[in-house]
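Chains as they are written, first to last, in the UniProt record's numbering: chain A, 1 to 285; chain B, 1 to 285; chain C, 1 to 285; chain D, 1 to 285.
Among the hints, erroneous ones may be present.
[Said to hold, decoys possible] Derived CB-CB ranges, DEER-like: (1) C:R240 / D:P13: 47 to 53 Å; (2) B:A203 / A:T147: 32 to 38 Å; (3) A:D211 / B:R188: 19 to 25 Å; (4) C:Q175 / B:E160: 49 to 55 Å; (5) B:E160 / C:R240: 41 to 47 Å; (6) B:P13 / D:R244: 53 to 59 Å; (7) A:S112 / D:D72: 34 to 40 Å.
The set of hints was computed from the structure by calculation and includes no laboratory data. Backbone N, C-alpha and C define an ideal beta-carbon position, used for all residues, glycine too.
Residue strings, one per chain:
4 protein chains.
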Amino acid sequence: MTDTTARLLINCPDAPGIVSAVSSFLYNHGANITDLDQHATAPEGGTYFMRMEFQTGNLRLSREHLEQAFQDAVATRYAMKWHISYAAERKKVGILVSKYDHAMMELLWRWSRGSLPCDIVAVVSNHEDLRADVENFGVPFHVVPVTAATKAEAEARIEELLAGVDLIVLARYMQILSPEFTARWPHRIINIHHSFLPAFVGANPYQQAYDKGVKLIGATAHYVTADLDQGPIIEQDVERVSHRDEVPTLREMGQDVERQVLARAVRWHLEDRVLVHGNKTIVFA
Amino acid sequence: MTDTTARLLINCPDAPGIVSAVSSFLYNHGANITDLDQHATAPEGGTYFMRMEFQTGNLRLSREHLEQAFQDAVATRYAMKWHISYAAERKKVGILVSKYDHAMMELLWRWSRGSLPCDIVAVVSNHEDLRADVENFGVPFHVVPVTAATKAEAEARIEELLAGVDLIVLARYMQILSPEFTARWPHRIINIHHSFLPAFVGANPYQQAYDKGVKLIGATAHYVTADLDQGPIIEQDVERVSHRDEVPTLREMGQDVERQVLARAVRWHLEDRVLVHGNKTIVFA
Amino acid sequence: MTDTTARLLINCPDAPGIVSAVSSFLYNHGANITDLDQHATAPEGGTYFMRMEFQTGNLRLSREHLEQAFQDAVATRYAMKWHISYAAERKKVGILVSKYDHAMMELLWRWSRGSLPCDIVAVVSNHEDLRADVENFGVPFHVVPVTAATKAEAEARIEELLAGVDLIVLARYMQILSPEFTARWPHRIINIHHSFLPAFVGANPYQQAYDKGVKLIGATAHYVTADLDQGPIIEQDVERVSHRDEVPTLREMGQDVERQVLARAVRWHLEDRVLVHGNKTIVFA
Amino acid sequence: MTDTTARLLINCPDAPGIVSAVSSFLYNHGANITDLDQHATAPEGGTYFMRMEFQTGNLRLSREHLEQAFQDAVATRYAMKWHISYAAERKKVGILVSKYDHAMMELLWRWSRGSLPCDIVAVVSNHEDLRADVENFGVPFHVVPVTAATKAEAEARIEELLAGVDLIVLARYMQILSPEFTARWPHRIINIHHSFLPAFVGANPYQQAYDKGVKLIGATAHYVTADLDQGPIIEQDVERVSHRDEVPTLREMGQDVERQVLARAVRWHLEDRVLVHGNKTIVFA
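Pulled out of the complex, with its shape left as it was, chain A reads as follows:
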C-alpha cells in the first residue's frame, strides 16, 4: 500500500454489468486497478458489494471531478451507495479503555511500529491507571470518570475529546455506551468481546466458559450497536483450553486471543476491507 492507493467501496442492488462499468470508468480515467473483491448476497436479486483498490498516480482528473464523474456516469445508473477513501489521508482513531491494558497496548505497539495505518489521536479512560503506558507512546491520555448519574455528561465529554475521529476502538472499555452514543457512530465503533460470540454474552465470559467446561475459548471483534454484544461480527478466533485451566489462566490465554483478533479487525477496518450488510459483515481480507 502506498500513498497513491485509493479504495472504492460500493453497495447496490445486484445487476449485470457492474464490474464492467466500474472497471471501465476507472481505466478510462487513468486509474490502475490493483485489487478487486466482490460479493453478491444472493444468486439473484441480492445486494452487490465491491471493493476496488486502485492507484491514483496517473489520474486525469482531480479527486472532486473524478468522484462527480463517477456519480454521474456509473453510480446513479446502478443506484449505488459508494465511497472512495485515499490511503494518503490516514484515518483518525480514538481508543476507549478502562483498566485492562493488553488490548490497548497491542494497538499502540503495532501503531508505533507502522503496522496500523492511522493516527491515534487520543486514549480516553474512566480510570487513571494506564496514563504512563499511553503517554510513553506520545499519545494524549484523558480521564473521564463515569457514574450512573454522570453518564450522559461523560459521554458528551468523550465525544468532545474524540471529535473528528473516524473510528472509536473499545479496547476493553468496561462501560456500556448509551444507545444515543452508538447511534451517532454507526459501524465506526469496534469492540473486543472476550468470548466466542454468541456464546457467553454479557459479563465475565471467562467465568461462564469455565462453568460450562468448553474446550476452546475465544474472542470476537464486532461493531457496536445499541444491542449489547450483538453488533456485526468482524473477526473471531479461539484457543484450545483444558480442564486444568482455571479462570485466571483462561483470562490470560484469552487476552492473547483478544489482542490478535482486535488488531486484525482494526487493521481491516482501516484498510476499508469491512462492509456491513444488515447485521453481518463482508470482510475482503
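Take the given structure of chain A and dock chains B, C and D to it, following the hints.
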C-alpha cells in the same frame, strides 16, 4: 496399548498421600505403571481424579483378588469411587443414526482400520437409507421408526437391540431421546452437535451460524443428559468460514469438523480418558 | 455452482485495463459475472492472473463463437494465455494408489456424496489390496505391478488405463513416476506428501519428524514435477503433536491431515481455482 | 503457583516402582503433590522422565535435609539425575537482541504484567536502537558491538554482563554464538527461529518461504547448541498465508507467531516444564 494394559480410574475427596498409596499398592502387586494423570478440582478441599495405566503381565493376583485387595487396602481409606478396565475386554458400542452418513461412516471406517478399540455391535436408524453403507462393514443394521406416538416403544426396541453395549453414539441421530432413556445411560451416550456449544443450541445450527455471521463454525461432542445439548462437553473444534459461505457450504465444512471431533471423543471414551465432574469433563488426552 | 457456470482463466503480462476489457467483453455477450479473483505477481511488470466465474444462461453466442471472439477482441491484445472451462463438462479423474487406503477412501467417499465435481474413471494400484474398497463405489480397479525392470512398461499401461483423464491423483502411490511421465502431465498430477514440505522430503517423513522432535506434523498437496517432492505446493496443513506420540501415532494423526489436505487440493483443482506461476501456485479459494 | 511450590525433576533408567518410591518419599516428609507428569521413552529399557510439583508448606525437613534424604533414600537406588527448583527463587533471565524489537517487547511486556515468573536482569544488544524501549521497563540495557575480529571479546563481555543468570533468551539476536559459548550454557539458551524448522534453516527464512510458495509460515523456539538451528525444539506454531502475501507481509505475520511461540517456550522453561532427551524435548505443558 496392548492386551496387558489396564486402567484404574479414581475419584475421591482430595487428600495428601493418594498418589503414594495407589502407586505403592500397584507396585507391590506386580503392576508396572505406564501412564498417570491426576487432577484436583480445587487447591484444597476439592475432588481428586486419577487415571493410572498399568501393565498386568506380572500381576501376582487374579483380577478379582487384586480388586478386592485395592478396595480393602486403599479405596476405603480415601472414600474412593474407582473402576479398573482392561484393554483386553473391548468395549461394545452401538450407533444411532438417521440419514446423514458422515459421522457414522467416519466411525465405521476408523473402526474397520483398527483405530477405534471397540466392537461395534449394531447400527440402529429410524430410516432405511444407510443400510448398504453399514452392512458393507459387516455390521448389523436395524431400522426402528419413531413417531411421537411410538416413541416409548421405539426406545424400548432400541435398548433391546443394543442390550449390553458400553457406549451408545448418536452419530447425527435426529430424534430426541426421552429423559428416562438418557437417565439409564449416564455418561454412556455421546452425541455430536453441529455447533460450537453453547452457541446455537437446538435445530439447524448452521442456519443459525449463517444468520449470525460468525467467522468460525464448530462442532461439539458431549455426553447426553436429559437437558438437551447441555451435557458435559468432551471435545470441540472449529473451522474458519467467511461471508462467501452459504448454509450448504457451512454444512459441508462443518461435517468435516463433526467427523474429527466425534472420532476423537469416542476414542478417548474407549480409552477411559474422560472423567465427569458435575457438568464438566476431565479429559486425560 | 450450477451447470451454467463457466470459468475463464487468464495469465498475461500485467497491464492497465485488463479487468475492464474482460468484464466488458463478457457483459456485452450476455455473461453474468458471479466471481472474480485477480493477482499480479509484482506491483509493476509482473504477470497478471485472473479467474472469472460467469453464468452462461443468457450467452448470445455459442461457446465456439464466444471463444473465438474473445481471442480476437481481447486475448490477442494483451498476449493472454487463457482457457474457459464449463462446469457442465465434469473433469475426469484417475487415482493411483498403493496399499494405504485413507487418502483414496476420502476422495471416493466425498465423490460419492457429490462433494467432488468430477468423474472418477478408474483407480490403478500396484497392489491388489484395495480392490474391494474401490469396487464398492462402482469404480473400476486395475492392478499394474511395477518393478525396476518393468517401470516403463507399467507406466505405459497406466497411461493407457487413464487415457483421457484431466487429472491424476497420487493418493499415497509409493512409486516414483519417471520424468517422461510427469512431463506429459504438467500441472495435472496432484500428490499428497505426508509432511510439511520442504521439511522431510523423501521416504518415511513421520520417522524423520519423530527423530527431529517437531511439535507439529503436516501434509502437503502439490503438483508433481520431475523434481521429487519439489513441485508447486497447492495446500498444506498441520496438527499439533507431543513427545508422547510415537511414530505409529504420528502416522495415524498425519493421515487425518493428509485426507483433509488432499481433498481440498483436488476440489480446488476441479473448480479451476489453482493457477501455476513458475514453481508456485496461486489459489483463488 | 504459589511461593510454596517446588518442582522435582527426574530422569533415570526406566524401572518399576519409581512413582511409588518418589511419591511415598514426598508424602512421608510432608510434601503435598499437586501435579505429576511422567514419560518413558520406550515401553521397556528406555529413559524415564518425571516432573512432580509439590507444596512445601508442611515440609518436616529443611530443603538441605530433604534433598540429602531424597538422594540417600531414592535417587541412588534408581540412578537418578534430579533437581528440585523452588518457585520462591525466581529464575534470572538475560535477553540478547539486535534491532528487531517484537520478540523482546513481548517478553518484557508479559514480564511487566506478572505473566513470566522470573527476574529479567539485563538486555544486551549489539546495537543501540532499542535502549529506550528497554529502559522504559526499568531493565538495564547494554550495548556490546560484535565484529568478526572482536567476537571472542564481545562474548566474554556478554557473559560478564549476564553472570549468574539461569537462562539466556535470544530474542532475534542476529549474531551466531560461538560453540564455546553455547557449550557453557547447555539447555539454558533459548532462540526463536523465524521458520517452521527444519524447513528454512539459516538466513532470511521468510524469503525462503516466499520463494518456495508454502501455504503456512511458522516459528520455532529451541535450545541453542553448537549446531546452528538444530538444537532441541521446545515449541512451534504456524499461520496460514497465501499467494497474496509478499515477503514484508510474511515477516509481519510471522512476527506475531514468533512472539507467541517464544513467550510460551520461555514460560515453560521458567516453570521447569521442559526436559531434554538427546536432541528432543519433553514438554510437560
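Hint check results:
At roughly 30 Å, the beta carbons of R240 of chain C and P13 of chain D sit outside the given window of 47 to 53 Å. A hinted range of 32 to 38 Å is violated for the C-beta pair A203 of chain B and T147 of chain A, which are about 44 Å apart. Distance hint for D211 of chain A and R188 of chain B: a CB-CB separation of about 24 Å, consistent with the stated range 19 to 25 Å. Here the CB-CB span from Q175 of chain C to E160 of chain B is close to 51 Å, well matched to the stated 49 to 55 Å.
The hint said 41 to 47 Å for the Cβ distance between E160 of chain B and R240 of chain C, and at roughly 43 Å that hint holds. Against the hinted window of 53 to 59 Å, the Cβ-Cβ separation of P13 of chain B and R244 of chain D comes to about 57 Å, which satisfies the hint. Range check, S112 of chain A to D72 of chain D: about 57 Å between beta-carbon atoms, so the 34 to 40 Å window is missed.
Violated hints, listed in ascending order, are 1, 2, 7; each of the other numbered hints is respected by the structure.
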